[in-house]
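Peer 1: Sequence:
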Amino acid sequence: MIPATEPFVARYKHIVDGQTRYTFKPVIAWGDNGDALVVDTKAGRLEPATHWNDFVDLGEGTSPIVAAIPGGDWKVTYRGEESGTTDSSPLLAWGIRADGTTTPIDVDGSGFSDDPTGDDRFLSLDPPRSATDPQATTDAGPYKDPTDQDDYDQDIA
Numbered sequence: 127m128i129p130a131t132e133p134f135v136a137r138y139k140h141i142v143d144g145q146t147r148y149t150f151k152p153v154i155a156w157g158d159n160g161d162a163l164v165v166d167t168k169a170g171r172l173e174p175a176t177h178w179n180d181f182v183d184l185g186e187g188t189s190p191i192v193a194a195i196p197g198g199d200w201k202v203t204y205r206g207e208e209s210g211t212t213d214s215s216p217l218l219a220w221g222i223r224a225d226g227t228t229t230p231i232d233v234d235g236s237g238f239s240d241d242p243t244g245d246d247r248f249l250s251l252d253p254p255r256s257a258t259d260p261q262a263t264t265d266a267g268p269y270k271d272p273t274d275q276d277d278y279d280q281d282i283a
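Here our numbering runs 126 ahead of the position in the sequence shown, where the first position is 1.
Read the hints as simulated data drawn from the structure, not as lab findings. Just so you know, even glycine gets a beta-carbon here, dropped at the ideal spot from N, CA and C.
Under the rule of at most 35 Å between Cα atoms (straight-line distance), these lysine-lysine pairs were calculated in the DSBU-like manner: (1) K151 to K201; (2) K151 to K168; (3) K168 to K139; (4) K151 to K139; (5) K201 to K139.
Restraint ranges, calculated between C-beta atoms of paired labels, are given here: (6) S215 to G157: 37 to 45 Å; (7) G235 to V192: 22 to 30 Å; (8) G210 to T167: 41 to 49 Å; (9) G187 to T211: 29 to 37 Å; (10) S239 to I141: 12 to 20 Å; (11) T203 to A155: 36 to 44 Å.
Start from the sequences, fold in the hints, and give me the full structure.
Peer 2: Next up, the structure:
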């Protein structure tokens, strides 16, 4: 057995509520015969990725998520079901990967969470309004541009 030193994943296909979903298992090691080995949580051992009949393929993985922070007031905007419309939802969290990169995490109505940028209907990640709209208000009051010296002088006086 050879430990996996580069991130690879085994991909598995599932049908949930009539929609195709994919789940992934990280490749932990490579068997002496070259098989990708993943954890079988029920058996408590490594098994070839092809052990399950819903196996699709192997792909390059990404650095694992090692922490998460709340999504704050970020929103995810998707193309609506009807032409010319959009839907938005609050971003659930930001996943922090071992290599330092971040990944947005959204959740759908069935409780499935994933990176929304991979959704066919994905349009944009929208920052909190207070950061982009000086007229917006927050619980702390109206947004003030920290570079506006006049506001700063009035607050001190």
